[in-house]
Structure formats: structure tokens, C-alpha cells
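Trainee: Chain order of the listed sequences is P and S. Take the first sequence: its letters are residues 1 to 298, numbered as in this note's numbering. Take the second sequence: its letters are residues 1001 to 1298, numbered as in this note's numbering.
Don't read these hints as lab results, they were simulated from the structure. Since the model is a prediction, treat every value here as computed from it, not as a measurement. Nothing false has been slipped in among the hints.
Only part of the chain P face toward chain S is listed, based on derived beta-carbon distances under 7 Å:
1) 15
2) 34
3) 127
4) 135
We put the beta carbon where it would ideally sit given N, CA and C, even for glycine.
Protein chains: 2
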Amino acid sequence: MRLPEASELNLITRISSKIKTDSSVICGIGDDAAVLKYTQDRYLLYTCDMLIEGVDFTSRARPEQIGHKALACSLSDIAAMGGAPKYALVSLGLPKRDAQGFIEGFYDGLRKLAGKFKINVVGGDLSACDKIIVDVSVIGQVSKRNLTLRKGARTGDIIFVSGSLGGSIYGKHLSFIPRIKESNYLVSHYKVNAMMDISDGLSLDLYRLCRASGVGAVIYEDLVPVADQAKSFDEALHMGEDFELLFTMPASLARKLIKSRGNIFKAIGEIREKKFGLKLITRGYKEKVLEPKGYQHF
Amino acid sequence: MRLPEASELNLITRISSKIKTDSSVICGIGDDAAVLKYTQDRYLLYTCDMLIEGVDFTSRARPEQIGHKALACSLSDIAAMGGAPKYALVSLGLPKRDAQGFIEGFYDGLRKLAGKFKINVVGGDLSACDKIIVDVSVIGQVSKRNLTLRKGARTGDIIFVSGSLGGSIYGKHLSFIPRIKESNYLVSHYKVNAMMDISDGLSLDLYRLCRASGVGAVIYEDLVPVADQAKSFDEALHMGEDFELLFTMPASLARKLIKSRGNIFKAIGEIREKKFGLKLITRGYKEKVLEPKGYQHF
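With the rest of the complex left out, here is chain P (with noise of 0.2 Å):
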């Protein structure tokens, strides 16, 4: 189960591995976040995320749709970590051509989701560009007890989901809200032992916590929820851009979880162990192996 040599985790993995960090960098690239010593009981998460026109939006999304969905997707990295936003930067390359048009309806957009979670924007920069580009890094705290990394998952872990997934490009990406509540939720009443977003496709996305982890999985084609826009199963295990949450949880604590809000988290499978690899059990009980086939940008 390996990637083609030019991958982005391989790029990211080389570039990652030249870098040297201080004692207070806790983790570094590689998580959906960085974590950073702050206080006593917290630490500072630390995530940007870029958006391109023709690659994350096409020039048919609206002003407010590109605002909102750069914020929401560093949001996303936030929740993921088991923490909460609080302060974001947005640099903005755009077109001369009606920009003041264009800057009203982004910060509308972008605005709007930062009031419903009381984020600070503090901040930017502002370029000329023929196509649009949107930068949004943004910084949160965490709860040391609360924070949750990809590499915690255990073998025997159940594997979860929030919400549904595939055909998230047809529409849902340019307004899906970020799932802080939702994690808040988790990282407060439960023991997560590894989580991420899903922004790349559920197969890649599965593929780099089970490799952060150290561990197999599989999941089953009966409990992936599918969500109504996908036109096919393929699309939620390979489409991306769905910004749900993955994690994984000891069993005991998954039934409690099932029983209590297993309407917005769905169990999907288990954590093996490594040398299993990453399989899928098919409707008619078939073992496939699970290609980490989701969307990569190199």
C-alpha cells in the first residue's frame, strides 16, 4: 500500500523531515493543525488552508460561497484537533476588475460564519491576481485532555464518521457548516482517540490516519453513510471535500456514543492492525483492498 513517489504526502513527508522545531512545537506538519505549547492546561492549534479558483471553486461560486468555505475549511483543521477557533487571517489575491464587488460579498460570507463562531478576523493582505486566491490561517486553543491527533488510533478502535459523505462538490462544499460543535461534543463526553477532517476523500483521508497511527483498518460498504447529493458509493469513499469528522474510539465507549447521538456519528468500521492494510467488506461480503484514491493535488 504505498503512494507514487511524487505524492503529496511523500513531498510533504520529505520536506517535513529537513525541518527542525523547538521544544515548544508539540506537533509539527503532517496533522490538520500544528499544536503549540501556550498555558498550563492549553495549547494554541495553528492551521492555514488555500483555496484556488478552478481547483476549490469554479468561477461560477458566489463572493459570500468563497468567503464562507475559506473560513470553513481552516475551521475544519481546528475542529479536528478537538479544539476551538478563535482568531483568523485572510489573505486575498483577486482580479482588479470589480473587486470591491467581489471583497463586499467575500467578507459577507466569511463574516456571517465567523459570527456564529465567535471568531476575530484580525487581519490580511491584498493582492492583484488574475484568478482568485484565498489564504485562511487561522489560530485556536485546545484543552491539552481534549486534544486529538491522527496517530492515536488503536487496534480494536471502532471507526467513526459525523454526517454523510460524496457529492459534496455539487453544492454542500461552498456551504457546509465546520464541525466545532460536533467536536467540542466528542473531545468533552468521550476518549477520541485519533481524529482529522475528511477533505481529501474518506480512502485517503482513512489512509493517512491509519499511516499516522501506525495501524490497518476496515470498514464496511453497509455502515458508510452516503450522503443524498452522491451519485454513487464511489463518491463517498473517494470524492473529498466532504469536511466531516474521522475518528476512532475504544469499543466500549462507541456503543455508548451509537446509543446517545448515533444519528450524527455513524460507526463505519475498525482500527486493525497494520499489517492487515486497509480493506473494504462489500455489500455481498466480499474482503476488497481499499485504495487510498481520493483527490490529490499532486
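The hints should help you fit chain S onto chain P, whose structure is shown.
Mentor: Relative to the frame of chain P, chain S by itself:
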């Protein structure tokens, strides 16, 4: 002395007037970096800078130079606040063709500068884009007593710049060392009333400092240090990309600074009352209005 309605400054003023922040935000949109509550005696500083191929560097710039400049611009913002940078996130959009080669060079340049100032590069984002786009966000810290905003200039203050101005786009803008050490020296030995970095040209950035402080200013052609690479005095006034410090302090301290570090910090003029406006005294002792003509993205 008004900028056109659609100017960058007016756009930013319009955006920021609609954005609400809570009491943990000491200073939001409009300075070189945001200032956030942190510990009893320190603030967090938070900034970002977006660089775009064809605007901030040409396609002839080497990957190492782009990596260097991308980080250096954000570090310059932290220096302008009197602070010390500590963490950086790097968002990179680039063409798929030769991505791997570019990334290696880019991170070599960036890492070298990060090492010089002990910056932890803790994450980022990687996207495919037909042009090279970089956005670097930086978190820094500053002692409360050392914080220098744009808005503190007072009538009678002497205006200083570090280094020399003009002609940076012929080369220096790709290799400049951000004035972190110089800024640290200033704020720990002197009472600096106002400070910012010169990124868009002395005339425009001095205008911004004066507008933020509610004051006017006079500078002297004779005193403005013109860089060797500048082709004219106008380039020193308006060209931008200098990334030098622009700051003001009371006249009594100014004399002390000129004596001890007059080789690096040059007095170029004096803060006046607001109604005085912005003036330049030419070599022939003629008083001219100093138009803010530096680089404007919009």
C-alpha cells in the same frame, strides 16, 4: 490629501469597519500585524503576506529566493511591531510541472532564513495552481512595553528609516534580511512612538503612519538615504519593496540614537500637526506636497 475611493487603504478601512472583534484583540486590521492578548507581560503578534508570481517576483526568480522572500516579508511585519517571530505556516500554490524541484529549492531558501531567526515552520498547505502563489503566516511575541504601532507618532517626533531606500526591485527584494535585530535593538533601548515597515514606498507608507497617528510630516530630500541601486530619488520615495523600518521618536532620544547607531538609522524629517499635511523639502529648499505614490495593489 485623499486617496482614490477604491484605493487599497479605503478598501481595508471599509472591511475593517464592519468587522467586530472581542476584547482579546488589542489591535486588529490595519497595522503590520494583529496584536492579541497572551500572557501578563506579552502579546501575541499575528500576520500574513501573500506573494504572487508576476507581482511580487518574476518567473526568473529562483525557488530559493521566493522561499526566502515569502518568509522575510512576514518577519518584517513582526519586526515592525517591535516583536520576535516564532512560528510560520506556509501555503504554496504552484504548477504541477517540476513541483518537486521547486519545492526543494523553495524550502531550502525558506529554511535557511527560518534558521537564522529560530523560526519554527510548523505546517502549511500545498495546491496546484498555474502561477506560483505563496502565503506565509507568522506568529510572534512582543513584550507589552515594547509594542510599537503605527498610530503613536507625535508632533515633534523625529522620523527615521533604517538602511537606505529605492531600487530594491532590481534585486534586494529577493534577498533582504528582515530588520528583526535592528527593531529589537530599538525597542529595548529607546522609546519608539510609532513604527512600520516600508513595503509599498516611503511616501505611501509615511502617509499611512501619519493617517494612523492623526499627524502630518515633513521630510528632507537631503536626508533620505538613497540606496546605491536606486536610479533616482523618486525611486527612494515611491518604489517600495524596501522592507526597511520607518519609525518616530522624541527629539531628545533621536539625538542619542543618531550618535550611537547613526550609521544604520537615518533621521529623515519630523512629525508635524495634522493640518500641515505631508511635505517634502527639496535640495533647493523648496517645499513640495509629498504625494503618496507608492505601490498600490488596487
